[in-house]
Amino acid sequence: MTLAIETHDLSKRYPPTNGVRRWLRQHTDSTPEAVSHITLSVQAGELFGLLGPNGAGKTTLVKLLCTLILPTAGSARVGDFDLVTQSDHVRDQIGMSTGDERSFYWRLSGRQNLEFFAALCNLPKQHIAPRVNEVLSQLGLSAVGDAGFQTYSSGMRQRLSIARAILHRPRILFLDEPTRSLDPNSTRQLHSLIQDELLAREGMTIFLTTHRLDEAAKLCARVGIMHKGRLQAVGTLADLRQALQARHRYHLTVEGLTPAQVDRLCQQIPTLHQEAAANGAVHLVLTVADDHLLSDAITGIVTASGCIQTVRHEEVSLEELFVTLTQEQSHE
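The sequence shown: position 315 = 390 (the working numbering), numbered continuously.
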C-alpha cells in the first residue's frame, strides 16, 4: 500500500493575539490548538474526505499539509517527502484549490491568468500554451478561455481554480470546500469533474474538505470527521456506523398490542421505542448494531400476540453519525 499523505500527532497552535488579549493569555491558559494531534494516512489514488463543521480546523490542516504554515508539533510526509525539511519537494507534488478563491486577476482572461500562473510554476515556456489549452478543455472552459475573469460565474471561477491547481500535473490535489458558493447545477458538474477526470482519468490522490454531508457520502471512499481541532473518527461509512454500534434501524408496524405491552417491550429492549400509534397499530423503531435484538423484538411481539404488518430496514445516515460524534466531543 502506497501512502500519499501520512501524519503523526500533527498539531498547530497559533500564538496569542496582541494587546490586552495577549496579556490575559499569559496569566491564563495558552491558546487552544487549531489542529490537535492528528494521525492520519491517505492512500495514493484515494479520494479522502475531511468532514466537519465550520471552525473545526479543516482549513488549518490543509494549510499545514500544503506547507503554507508550519506545525507546532508532530510530523507529516506528503508525496513521500517530509513536510518541514523537504517542503520544496512537497510543493512540487501538490495542487490546492479553495472554495473562496480571490487571487486571480480580474482584468485578465481565464487563459491569461493560467499562463501567468503556469510561468510561476516554472513550466517551460514552450509547454505553457499547450498545457493551458489542455486544462481549459479538461475543465470545460475552452469556450470562455478568452473571456475576462470578471465575467465568470461562481462555477466557472471554481473550475478555473482547479485548472490552475493541476497545471503542473500534481500527484496530490487538495480541494478545500470547493462547492461552498456553488448552485446545485454547478455542484453536480464539479462532482462529475472530480470523479471522472481527476480521480479516474488522472489517477490523482484527492484530499477534499467539506461540511456538506451529502457531498462526502457521494464522493469519498473514506471520510474523517473533525471537530474542535481533533480527528474524531476515520473510515468508510460502514466502519463509522460499526464504531458507533448503530449500524441498522428497523421500522416495524405492529397491530394487536396494548399500550402496557408496548411499554414492557421497550423496557426489555432499550434501543426499541415507539414513534407513533394510529388506528390500532403502533410504529416501533429499533436501532441495533447486530440482528439478534431484532429477533428478540420479533419474539417479544409474537409472544404478546402482536401481528407484524410491515418491517422496513434503514441504515444510519452520515448526518446522524456526524451529529453523534460532534455532540459527544462537545460534552467532554
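A few of these clues could be false.
Keeping only pairs whose Cα atoms sit at most 27 Å apart, straight-line, the calculated DSS-like set for lysine-lysine is [unchecked claim]:
| # | residue 1 | residue 2 |
| --- | --- | --- |
| 1 | 200 | 303 |
| 2 | 293 | 303 |
| 3 | 138 | 293 |
Calculated directly from the structure, the hints in this document are not laboratory data. The model shown is predicted, which means the values in this text are computed figures rather than measured ones.
Hints and how they fare:
no., hint, verdict
1, 200 / 303, "45 Å, violated"
2, 293 / 303, "24 Å, holds"
3, 138 / 293, "25 Å, holds"
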